[in-house]
Amino acid sequence: MTSLLLQAIASGFLMGGVYGLMATGLTLIFGVMKVVNLAHGEMMMLGMAISYWLFTLAGIDPYLSIPVSIFLLFLLGFFIQRFLINPILHASEHMQILVTLGVSLILANSALLLWGPNIRSVTTSYSLETLWIGEIVLDLPRVVAFLFALFFTFLLYLLLKKTELGKAIRASADNPEAALLVGIEVNRIYPISFGIGAACVGASGSLIIPFYDLTPHVGPPFTMVAFTIIILGGMGSLSGALIGGLLVGVAESVGAILLSSSLKSVASTTLLVLVLLFKPRGLFGK
Amino acid sequence: MLEIEGIQVYYGDLQVLWDISLKIDSGEIVSIVGANGAGKTTLLKTISGLLHPRSGRLRFLGEPIENKSPAQIVEAGISHIPEGRKLFTTLTVLENLELGAYVPKARQKRKETLARVFRLFPILEERKYQIAGTLSGGEQQMLAIGRGLMALPRLLLLDEPSLGLAPQVVKNMFEVIKEVNRFGTTILLVEQNIFHALGISTRGYVLQNGRIVLEGTGAELLQNIHVQKAYLGL
Ligand SMILES: Nc1ncnc2c1ncn2[C@@H]1O[C@H](COP(=O)(O)OP(=O)(O)OP(=O)(O)O)[C@@H](O)[C@H]1O
Ligand SMILES: [Mg+2]
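Each protein sequence line maps, in turn, to chains A and B. Under our numbering, the first residue of the first sequence is numbered 119, with each subsequent residue one higher. Under our numbering, the first residue of the second sequence is numbered -14, with each subsequent residue one higher.
Bound conformation, chain A alone (with noise of 0.2 angstroms):
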């Protein structure tokens, strides 16, 4: 039993880090423009879905494809701030969230247009290659994707805190009136911010493609897991979201031998009730 419990544990773990790109995604995009996206799921349904065809269609190895997923997912955050969201950004949040709520039903949509209702799913020379750790064995792809999750987020990190477009996006997030005196175009750093966002969540459905099922409806379970990490972790804030996504990660996969694999949420939502008891802001939250 602990040694399944160990297990349990490590491989949440290692998901629990690509959980964590994807709700820093949520939470920069939550955090600079307060805008609540409920595409976020299928954002990383579309990540899958560009290394799944990339692989299937031109041999691709997904992890080559990453770059894609991040570039495409950019344009298509930067295109749906740019023309949907921006024009109402001042206006009351619910038509945000019937934005971005159209946003997801469109792309779940147009995805089981495209390509059916099928499970599909990526099998690559290592796909069930592993690595054991003691009594512990792990998944040679979650292993990879935790390492890829863990560098992107420092990456963003870095981004954020050391260049020009960097400190432009946390003064925006921080004081809109004041970013504008200072001259930053908030108006031009509102969408690059989305993008930001949609790619973080794009690299993280390349990184999970290898051992993760594709299917139109894949993302709304996701949405609902980026969300409470980031209100477990505190809205808007980095660190809260990648801590809340590797404790997210473990609680469901711990969830899941404790309970049942159906029951995995209910681990993570009596975590997040647990902390919302004590720190009702969240982790991070200020």
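Since the hints were made in silico from the structure, they are not lab data. It is possible that some hints are incorrect.
[Claimed, not checked] A few chain A residues facing chain B, derived, Cβ under 10 angstroms:
(1) Ser228
(2) Leu299
(3) Ile302
Given the structure is predicted, the values throughout are model-derived calculations rather than measurements. In this text, a Cβ means the ideal position worked out from N, Cα and C, and glycines have one as well.
Could you slot chain B with the ligands onto chain A? The hints should help.
Just chain B with the ligands now, with coordinates in the frame of chain A:
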């Protein structure tokens, strides 16, 4: 340097500024005083491009600016230090200052300007890695002014810099404003603290219900009975 001719400014359908005209010459300190809600902040926001007048003209160094964006206006040489400071409270002191020099012209000279700002406010250098939101009120106002100066403005708009500061700190603040002016920056100052403000000003305007009702030199306005009636409650 700045000429405003007959601007009308609205929030939606609500007119807040009525036919405002004023003029600021290079090197001056000009004050705008008036009761709460008179439209002082609205006037500054219109100059810095956060709001646009429905009619009337604004010219800065001879160029029309009424249709420019805030970024273009900063680039042209006007820096607006807003009411309530509006710092980037989750960023460090240094990051706030760096962002002050965001526009291309100022960015090229960021290092030299930063050294100058640190000479003017040594406390900011000591605190440069501190999160701006954790500074004391006086330090926050120093940082707000420092951030404004980082844009290398020819004209500095200051909205109630003394708000919420202890009397001793207020005195320092006005000394700093005079010093910034001595180094060649023209200043448009909005204040409730009219003794101090008019005391350091070359000229002033009194704004009442969105209209300019009086103008004159600082000393004239201070003596003016209307000012005393309206704002000192005498
Ligand atoms: N965003 C806004 N929308 C609608 N009306 C506004 C807005 N901002 C200010 N007003 C109104 O415009 C008028 C002038 O406001 P303004 O802030 O310019 O006054 P002020 O002279 O700066 O006052 P204070 O001394 O209190 O700062 C007030 O009646 C105010 O209620
Ligand atoms: Mg005001």
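For each hint, the structure was consulted:
1. For A/Ser228, the interface hint is violated, the least distance from its beta-carbon to any beta-carbon of chain B being 37 angstroms, above 10 angstroms.
2. At a threshold of 10 angstroms, the smallest CB-CB gap from A/Leu299 to chain B is about 5 angstroms, leaving the interface hint in force.
3. The interface hint given for A/Ile302 is met, as the beta carbon of that residue sits about 6 angstroms from the closest beta carbon of chain B, less than 10 angstroms.
When each numbered hint is compared with the structure, a violation occurs for hint 1 only.
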